[in-house]
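Colleague: We have chain A; now place chains B and C onto it with these hints.
Letter by letter, the chains look like this.
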Amino acid sequence: MKTFLSFIRKEFWHVLRDTRSLVILLGLPVAMMILFGFALSSEVKNSNVAILDYSKDETTRLLIERLDQSQYFSVKKHLQSEADIERVFRKGEARLVVIFPAHFRADLLHSNYVQVRLIGDASDPNTSNIVINYASSIFRDYQNELTENKKLPYSIETETRMLYNPQLKSSYNFVPGVMTLILMLLGAMMTSVSIVKEKETGTMEILLVSPMRPLLVVLSKAVPYLVLCFIDVIIILILAVFLLDMPIRGSLFLLLAESLLFILTTLSLGLLVSALVDSQQTAMFLSLVGFLMPALVFSGFMFPIENMPLPLQIISNFIPTKWYYSIVRAIMVKGLGFSYVIKQTLILVAMTVVYLTIAIRKFKIRLA
Amino acid sequence: MSTVRVENIKKTYDKGTVIALEEVSFEVKSGELFGLIGPDGAGKTSLFRILTTLLLPDSGHAEVAGLDVVKDLWQIRRIVGYMPGKFSLYQDLSIEENLNFFATVFNTTVQKNFHLIEEIYVQIEPFKKRLAGKLSGGMKQKLALCCALIHEPKVLFLDEPTTGVDPVSRKEFWDMLDRLKARGITIIVSTPYMDEASRCDRIALLQKGKILELDSLEKIIARHPQNLYAVDADNAYQLMKDLRLTPEIESTFAFGEEQHVTLQSLLDGEQFLHQYLSNLGHTGLKIRKITPNIEDIFIKLMLENQ
Amino acid sequence: MADSVIYTNQLTRKFGDFVAVNAISFEVKRGEIFGFLGANGAGKTTAMRILCGLLTPTSGEARVAGFDVYRQNEEIKKHIGYMSQKFSLYENLTVRENIQFFGGIYGLSRQELKNKTEVLIERLGLHDEADKLVGSLPLGWKQKISFSVAILHRPKIVFLDEPTGGVDPITRRQFWDMIYEAAHDGITVFVTTHYMDEAEYCDRVSIMVDGAIAALDTPAGLKHQFKAANMDEVFLQLARGAKRSDA
Chain A
0 MKTFLSFIRK EFWHVLRDTR SLVILLGLPV AMMILFGFAL SSEVKNSNVA
50 ILDYSKDETT RLLIERLDQS QYFSVKKHLQ SEADIERVFR KGEARLVVIF
100 PAHFRADLLH SNYVQVRLIG DASDPNTSNI VINYASSIFR DYQNELTENK
150 KLPYSIETET RMLYNPQLKS SYNFVPGVMT LILMLLGAMM TSVSIVKEKE
200 TGTMEILLVS PMRPLLVVLS KAVPYLVLCF IDVIIILILA VFLLDMPIRG
250 SLFLLLAESL LFILTTLSLG LLVSALVDSQ QTAMFLSLVG FLMPALVFSG
300 FMFPIENMPL PLQIISNFIP TKWYYSIVRA IMVKGLGFSY VIKQTLILVA
350 MTVVYLTIAI RKFKIRLA
Chain B
0 MSTVRVENIK KTYDKGTVIA LEEVSFEVKS GELFGLIGPD GAGKTSLFRI
50 LTTLLLPDSG HAEVAGLDVV KDLWQIRRIV GYMPGKFSLY QDLSIEENLN
100 FFATVFNTTV QKNFHLIEEI YVQIEPFKKR LAGKLSGGMK QKLALCCALI
150 HEPKVLFLDE PTTGVDPVSR KEFWDMLDRL KARGITIIVS TPYMDEASRC
200 DRIALLQKGK ILELDSLEKI IARHPQNLYA VDADNAYQLM KDLRLTPEIE
250 STFAFGEEQH VTLQSLLDGE QFLHQYLSNL GHTGLKIRKI TPNIEDIFIK
300 LMLENQ
Chain C
0 MADSVIYTNQ LTRKFGDFVA VNAISFEVKR GEIFGFLGAN GAGKTTAMRI
50 LCGLLTPTSG EARVAGFDVY RQNEEIKKHI GYMSQKFSLY ENLTVRENIQ
100 FFGGIYGLSR QELKNKTEVL IERLGLHDEA DKLVGSLPLG WKQKISFSVA
150 ILHRPKIVFL DEPTGGVDPI TRRQFWDMIY EAAHDGITVF VTTHYMDEAE
200 YCDRVSIMVD GAIAALDTPA GLKHQFKAAN MDEVFLQLAR GAKRSDA
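Chains as they are written, first to last, in numbering that gives the first Met the number 0: chain A, 0 to 367; chain B, 0 to 305; chain C, 0 to 246.
Next up, chain A with everything else stripped away, as it sits in the complex:
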């Protein structure tokens, strides 16, 4: 045990003296969170809206007021004709134009059906998708109020000139995503690279010609990364709560415990890689292409898995990030308890055991 501890101490020296890697290890999550955070909060808040109101009645005035009062929009211009629409877009004076048809209130009250047209500036498709989605929800809220009060099925249809974007994400989705990616990247890549480095520099050769079990050598290398990954989780959570105002609805303890489990999964993946390859370059490449890419594609964070063709959906089940992502979302966003994530947890445990077993069996006690 004393030997093991001195090993771990040595690994910490390695990590702490490599300032450049340390900056990446601790800086990357911060950079990603701030980047994602600001990209979302500043872009969409207070978007300029132009109004073309052919009706100019009580209801349209109310709706315009609600748009203006919401944190997402500020009504900047009232247009006179449809010819003005292109001009405001060209000048960049508005991201969104809302068109109320004539007799809006009368149609709504008599035929219970009315249409609002939302026109977005599609040169920036992501932002305008988000903007349109917010606007639609404001109209939907109003419609729900009417329905509740009058017990009548009023319907305000929003017709948009762009395809509805199913990938539209709110900030709640990317925090679990960032956590998943960071842990995958650092856990699997940094561990495997640091072990393979011992092979490359030849120190593994000396360690092998010693009574020290090579597996112990390798396990001790994983310890500092376990600690660092855990620190990263905490950094991300702190930034999420205090910078992005994202609450952790479920149990913090459960979230940390599940994160620890996922870190173990990524570390055992890293060990597996290091057992299979001999150069730092290969380890890095394998980690990026073999883990980070699938993590990005199949976690459900960038692209919804439900929309994928069946073979890809099946493949996604074998990617650990998908399960961790779903666990984090369940706990953080939905506030669910352990009983709802048992399945995902068990899958991660099983994956970790499998990776570790293969890594240990593949681990060479000789050079070749």
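Mixed in with the good hints there might be a few duds.
What the hints assert, rightly or not - DSBU-like cross-link-like pairs, simulated, lysine-lysine; straight-line CA separation at most 30 Å:
| no. | chain 1 | residue 1 | chain 2 | residue 2 |
| --- | --- | --- | --- | --- |
| 1 | B | Lys9 | A | Lys198 |
| 2 | A | Lys1 | B | Lys111 |
| 3 | B | Lys127 | B | Lys153 |
| 4 | B | Lys170 | B | Lys218 |
| 5 | B | Lys209 | B | Lys127 |
| 6 | A | Lys1 | B | Lys128 |
| 7 | C | Lys77 | C | Lys28 |
| 8 | B | Lys218 | A | Lys198 |
| 9 | B | Lys14 | A | Lys196 |
| 10 | C | Lys226 | B | Lys285 |
Stated by the list, open to error - Away from chain B, derived, C-beta distances all over 10 Å, residues of chain A:
| no. | residue |
| --- | --- |
| 11 | Leu78 |
| 12 | Ala105 |
| 13 | Leu214 |
| 14 | Met307 |
| 15 | Ile364 |
Stated by the list, open to error - Per the computed footprint, the stretches of chain B lying under chain A, defined by three or more beta-carbons under 8 Å from a beta-carbon of chain A, are:
| no. | region |
| --- | --- |
| 16 | 46 to 58 |
| 17 | 170 to 183 |
Because the hints were derived from the structure by calculation, they are not lab data.
We put the beta carbon where it would ideally sit given N, CA and C, even for glycine.
Modeller: What follows is chains B and C alone, placed relative to chain A:
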């Protein structure tokens, strides 16, 4: 009493296409300083790696201190010290940290075996806080030797410890090995420098995976009498060219400022060479008969084995 | 100075407080084989880097192939060849590809390159190996190819950094035959080595101790001066007195 016994060891790479060692056999006696001498690619490193349990031989049998290199790997790893050809310590750890680390790897402490390394360590001690990556070549080599010695190994394997090291540091290094040998440690060392043969008790000349010769330096030299002359003249470049032109001369190779010329065995070389070279207009001729040195013999054996 | 290919005067390079190269002055003539010896850490590598145009000196003068090391280092690089034991050729390219690649770097024309490649392969007797990967060849061959490549563009001077380390005794001598030939053709050879017998093959030898040139003469002159039987003894006498020892 032999500490290392190698019997018909064969090692190939890339599915048998590259032969590293061809049926090599030899023994190293307990307490001996044994040299494996040969150029790059002779198979020295492969042999070391097999003996230190890092590689499996294709066939054959080898023992270190009576332990089988294939079956008893964990016992062997406890009793051997190994210094690989490439500097293999942690560049980002200091001298002190490296040494302490390797002591714990072998379940011992620096204090316990300090007597073994003291003599070498005091030379690098003033720099003990310096990172290994920032040390000069000679200091790295001394630190590596300390690390290989820290667990009081029975057998020490040193793979090309003096390659790329200047002559002064090389001499110092061999002096250190002499002192370790005096403590009873069996040492096997490989080197591409032929002149270091004289520092070993016995040597094996290795070339392309085969042992060309194996014995003490004196005995090897005695076994290979040659009609050999050292020749020097004012125009060294022309001398070299002219010596290659006549069939009476079997071979000629530059050795420092002289050419070492091997003649057909019956010829009286001094007379022949004097006449031959004077006729070609050489001046300042100095010709003397010499006994071959290890490099002459290595060259002769290489030519015979081609 | 008219015929000198390398000229240095009080050339100095400091790294912080550490004086790696301390006011060295020497000249190397055209076609000379100049041995540059010294213990590890004596300052050889630093001096060589300055002369190759890779490092700017702190003070002093130096001209290589007629070009100033402060201002014309790009010109210097065009007129020198360089070969070291560590980096020589691309292991995963064939012999032919390596020759063509390095020839191309020095701006040989396509036709020139083609001719020279074939001539070189012929001269090295590498017909059967021309399309083999360099990595599969023995070290001695690699070094011979590497040297040929370094002088392919007919540089005024070629720098060889421990070119024969680990090479077998026969190939080592064949390598020196090539050096002689190059020198005979007027290429100046600047070589470092740890084999003291090779120091004897040089026309003149300098020995660096603690950043300064402690001795510079023909091998015979040095042996006479230090009353030594061979260069090994000369070297030991000088390097043993080194203060900036390797510890």
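Colleague: Look at each hint and say if it fits the structure.
Modeller: Here is what the structure says about each hint:
{"no.": "1", "hint": "Lys9(B) to Lys198(A)", "in the structure": "25 Å, holds"}
{"no.": "2", "hint": "Lys1(A) to Lys111(B)", "in the structure": "16 Å, holds"}
{"no.": "3", "hint": "Lys127(B) to Lys153(B)", "in the structure": "27 Å, holds"}
{"no.": "4", "hint": "Lys170(B) to Lys218(B)", "in the structure": "23 Å, holds"}
{"no.": "5", "hint": "Lys209(B) to Lys127(B)", "in the structure": "42 Å, violated"}
{"no.": "6", "hint": "Lys1(A) to Lys128(B)", "in the structure": "23 Å, holds"}
{"no.": "7", "hint": "Lys77(C) to Lys28(C)", "in the structure": "19 Å, holds"}
{"no.": "8", "hint": "Lys218(B) to Lys198(A)", "in the structure": "41 Å, violated"}
{"no.": "9", "hint": "Lys14(B) to Lys196(A)", "in the structure": "27 Å, holds"}
{"no.": "10", "hint": "Lys226(C) to Lys285(B)", "in the structure": "19 Å, holds"}
{"no.": "11", "hint": "Leu78", "in the structure": "66 Å, holds"}
{"no.": "12", "hint": "Ala105", "in the structure": "79 Å, holds"}
{"no.": "13", "hint": "Leu214", "in the structure": "13 Å, holds"}
{"no.": "14", "hint": "Met307", "in the structure": "42 Å, holds"}
{"no.": "15", "hint": "Ile364", "in the structure": "7 Å, violated"}
{"no.": "16", "hint": "46 to 58", "in the structure": "holds (count 6)"}
{"no.": "17", "hint": "170 to 183", "in the structure": "violated (count 0)"}
Figure legend: structure checked against the earlier numbered hints; hints not met, in rising order: 5, 8, 15 and 17.
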